[in-house]
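Sequences are here, hints too, so could you generate the full structure?
Number of protein chains: 4
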Amino acid sequence: MSAVNGSIGKRELRVGIVGAGIMGADHVQRISTRTAGATVASVVEPDRDRAMSVASTAPGAQPRVTLEDALEHDDLDAVIIASPGPFHEAAVLTALDARVAILCEKPLTPSSEGSRRLVETEMAADRARIQVGFMRRFDREYVALRQLVESRGAGELLLLHCAHRNPSTPPGYTESMLITDSVVHELDIVPWLAGSPVVSVEVLRTRRNRRAPEGVSEPQLVLLELANGVLAEVEISVNLGFGYQVTTEAVFEEGVAQIGRTAGLTLWSAGSARVAEHPGYVGRFVEAYDLEVQAWVNAARRGGIGGPSAWDGYLAALASEAAVEAQQSGRRVAVRSEAMPAFYG
Amino acid sequence: MSAVNGSIGKRELRVGIVGAGIMGADHVQRISTRTAGATVASVVEPDRDRAMSVASTAPGAQPRVTLEDALEHDDLDAVIIASPGPFHEAAVLTALDARVAILCEKPLTPSSEGSRRLVETEMAADRARIQVGFMRRFDREYVALRQLVESRGAGELLLLHCAHRNPSTPPGYTESMLITDSVVHELDIVPWLAGSPVVSVEVLRTRRNRRAPEGVSEPQLVLLELANGVLAEVEISVNLGFGYQVTTEAVFEEGVAQIGRTAGLTLWSAGSARVAEHPGYVGRFVEAYDLEVQAWVNAARRGGIGGPSAWDGYLAALASEAAVEAQQSGRRVAVRSEAMPAFYG
Amino acid sequence: MSAVNGSIGKRELRVGIVGAGIMGADHVQRISTRTAGATVASVVEPDRDRAMSVASTAPGAQPRVTLEDALEHDDLDAVIIASPGPFHEAAVLTALDARVAILCEKPLTPSSEGSRRLVETEMAADRARIQVGFMRRFDREYVALRQLVESRGAGELLLLHCAHRNPSTPPGYTESMLITDSVVHELDIVPWLAGSPVVSVEVLRTRRNRRAPEGVSEPQLVLLELANGVLAEVEISVNLGFGYQVTTEAVFEEGVAQIGRTAGLTLWSAGSARVAEHPGYVGRFVEAYDLEVQAWVNAARRGGIGGPSAWDGYLAALASEAAVEAQQSGRRVAVRSEAMPAFYG
Amino acid sequence: MSAVNGSIGKRELRVGIVGAGIMGADHVQRISTRTAGATVASVVEPDRDRAMSVASTAPGAQPRVTLEDALEHDDLDAVIIASPGPFHEAAVLTALDARVAILCEKPLTPSSEGSRRLVETEMAADRARIQVGFMRRFDREYVALRQLVESRGAGELLLLHCAHRNPSTPPGYTESMLITDSVVHELDIVPWLAGSPVVSVEVLRTRRNRRAPEGVSEPQLVLLELANGVLAEVEISVNLGFGYQVTTEAVFEEGVAQIGRTAGLTLWSAGSARVAEHPGYVGRFVEAYDLEVQAWVNAARRGGIGGPSAWDGYLAALASEAAVEAQQSGRRVAVRSEAMPAFYG
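So the protein lines, in turn, are chains R, U, W and H. Under my numbering, the first residue of the first sequence is numbered 1, with each subsequent residue one higher. Under my numbering, the first residue of the second sequence is numbered 1, with each subsequent residue one higher. Under my numbering, the first residue of the third sequence is numbered 1, with each subsequent residue one higher. Under my numbering, the first residue of the fourth sequence is numbered 1, with each subsequent residue one higher.
Hints are not guaranteed to be accurate.
Here are the computed distance ranges between Cβ atoms for each label pair [as the list claims (entries may be wrong)]:
#1 R/T121 with W/S56: 33 to 41 Å
#2 U/I22 with H/E113: 49 to 57 Å
#3 W/P59 with R/A144: 27 to 35 Å
#4 H/R117 with U/E72: 53 to 61 Å
Bear in mind the hints are in silico, worked out from the structure with no lab data behind them. Quantities reported herein were computed from a predicted structural model and do not represent experimental measurements. Ideal Cβ positions, reconstructed from N, Cα and C, are used throughout, including at glycine.
As structure tokens, then:
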């Protein structure tokens, strides 16, 4: 990208999608069928057959086995990194080196050290290029709740009750994934809602769901203490069967607000009134993903980012490490506090 | 009852229950287990075994085959008439003659002529003794809606959408019973809510539910025009299977109000959020029946009535006859208008 | 458009927006900021200042005073017609002549004769190019309700209760606009939901809202009889103040379904639980408009249409004329029935 | 009461109400106007004017300054103790000595030692006479939730989220009253719902509501660990202003259930849909109180109790003491465990 100030002007953003799993394939569809100003130029995936299969769904997209190949041949302006977490750091470094815009799915990296390295590499360049895929910040109800907090329309925020419920876990699921796969979303969204960072984490156990895989005891209750005194508790339950449910109840000085309730067509039949729950995260957050990617594309075309930064990803990684330690130790664990560099201000 | 002004003072009201079907047996339980100031003295039922069986559930209650027997032997202060409609007129006349307090289940009588005769007989005595069992007037949500109408808190009432939905019909059900069994409730409650009498009725048909018995085409849409210009439409559907549902949506000049929605424990399981619907009218209106009977007992002990009068029953009978004619003719039918006698003022 | 079969291949669709009022400006934003595969090439508006102002919000869009100018200079593949209804016919004819793809806001034309002429002109060409802007067909809840009808998951559809509620009317509002501006949406969506055309219309009046402009008596109740026997009633209320609300309750043989209820953040404060209602149609149907336009763009790039056709617009115009006649006469009015030409099959 | 087995047979239960504050006066109304089989014989209150004023609302009730007076003169069968907590022990002992039926409002006594003494005194007699006023056990939704737990209809219960929200605190409110006045209800209902006793308590603080009185930091989060491993957390917030709200969300192995949501008339006006929240506990639990007192009267007439026993009151007192200690110390505190005597089996 040789454009002045990083802007590509009126031209469409040429995007490479790194990773052709469920999420990557979903982004290919999003970019090619419902995002303005962007086109899928490459699908990068080490499994060449899968790369070809996914690329064939987007007119003009090239299947590539490595990101380097894509950067060399496809004139990319931007990449969406949707490969597994352990591969994020290398891909982001390659993309930073190529000076393209980056949307990296969460977590930015599995460890805070990796995120710290990305932050430092990014800060050595002229401007921020990394946006992290915490899509909840684009969900209309989360946005409405944050506005209520900021407006103090019901007084100061005092307490948050969050619930994160999944129908079932995939093979190979381990207990720390309760934090790193799921609660990591709350580790970003809670400070964003409350306007204050997490300072400590504690994890409580309750009676074990026998539907959980061997070696995993869940549900768990994760308690987050924020710098402004607000307590947030996060119920994480991942084998409840009935659907994918993410809710937040916020207690203010003069009221209570709730988001995330099941809505839509109500059917009275067979003795009850029923509303379908979302079966998975794709449906639950489809609009948030669309808004997130559109905001990123719009910002990337102007040479910037339009959502959570690498610094936000780093803070979430720090809190996630503390939460895993709290989960294993049964103790309250402090979260390292760091002042945000002016680069991200 | 020889008491001055009809008051029985501190003594408990001795009540005879006429009719020991589902409704009569329910009233026996209500009076004997959750009504203050009343006791069941007689259970009157031509089927002697059934009379004995139901009477045995209330300590001190005597089984009787005729109302005359009960009046002669059981020192009754009051009767609840829960026998089939065609028997109401004779029972009410007998009770009026004995000068006891009367709660007569709806309809007061099947025909307006019968109700007219009861009104005239009652008016020949010193005071009103007949209360008609339109229990919806005691339902908390109907009361709240009426208060909203009267307070003009959302401006003038303009339009009412009512729905009356039953799970299924009993053997022997005929089409006119849509009006005389079900819509008759709306023929009382709609003018009560709107503060204005029904002046015309029209009945519209829609696609027939194949679950309806032979010869019955339902759902139907009953259109009521009130004297103050308000239009009320009543959907009557009696074979929907899923439960018993009675709802009202009221359109005001500055808003819309709705009552009757399913509430209670919400269960998220198997892909949806569910709230149980009431299976029948007993559960749906249990509190309204309790409040109705308590209000009647309290008023009867003081020598009066505490709810809809024989005049209200007569007006409902007039509207019901017009509605049946409208149902059969397909035409709009005027409802005879009569000024309320001062006796009922 | 010289492409084989009308397909423009991988290239972006160059769209001219005709009319730069609220709706036109909204489409300019939609196309330029959140629609894949399309770009705004022209903004056509007789008020040149307004044309320039709106065009300036979309990179590369040219302000034009006439559609002919835009077609001559801007290499258009497609037009969205969002000018006032009386101008639709001429604009659509010009666009048909230019063989570009057309999305025409409702109503297709104010009179059925105009729509009939458009249908005939279109049928003289090789394929359908006109899509009509009945965006409700793209609303997720309407789609879910239609699927429930088609699947017979609750038995056959029997009856529809529709409500269309607006906060207030603009200056110059006349009574027939209740039909032509608002109920026209139900005149399309009701047959679409029920899978059967409207065969007659009747309009009932209720007590007048004093907030309505002089000479307008509303709310009204519009009764639609469908060919399959289903009755649909539409409450139209346009001065209720509280918000924009469009709901449908569908009665099936074995249940009842409802769509359109207020959802989102619930706030308990000051004595009640509250959920914000949509203030206007833009917010209520924002996602439906987005999906509609995206579906149209995707279809247009392949040379077809992706939603309701000119024939659907013609049927709605026929029903709308009957409804206005019913409104004025107080009588039930038959809707002319015509077999759909194979061209639209 | 000289009756065989304590049964008073068909006669009405003669009840003395001890304490004529808000709760006592409410019980006078309940017994005299909507409870079957009972009559208010005495109103006992040291403030003679208040005793007379409240007694005058119930026909036949005598004002008394001491319970001993009432027992001597009014032929009492039963007492409801609604005086302040510190006076409960002496009143219950007097009533036990008189061998009358007892309904004692919560807490049974402020300290577990007092409750222990009452349990021991009661066990020295022939049968249980003390029922404790944990009325939530009679609330229809709590009953439904307990049935769901017991039926395992959604699998085993795993976790409970409870919220107890009051609009404001009275003068003289101290922090420990969060436990002793409010959370004490959950200390009874949580083990009742889960079928397992509380084994430890911990109290967490969050950001303080500035509406709380000086010296009181609330909301607080009370964590209860049950013997079966279930964790229950109770949010206690007592100055939220908007109303009185008591909710429970229960996480099961295969679903989630919720009770306590605001229901009733929904009003769409001024931009939102609103449902009124209960202003106080009387309205929220009016039906539960009625059912509780009726169950107690019915049981007392047969010589027994019909709800939570003195042993339940003692267990709640033990848990309450532990919770106050946890609140003050900031530590997790074990709750003393004791096997239930066969007397209460």
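Can the suggested window of 27 to 35 Å be confirmed for the beta-carbon pair W/P59 and R/A144? With Cβ atoms ~30 Å apart, the hint holds.
Evaluate the given range 53 to 61 Å for the C-beta pair formed by H/R117 and U/E72. Because 57 Å falls inside the window, the suggested range holds.
Consistency of beta-carbon spacing, W/S56 to R/T121, with hint 33 to 41 Å: With a Cβ separation near 39 Å, R/T121 and W/S56 satisfy 33 to 41 Å, so the hint holds.
Range hint 49 to 57 Å: satisfied by the CB atoms of U/I22 and H/E113? 52 Å, holds
Comparing the model with each earlier hint shows no violations; every hint is respected.
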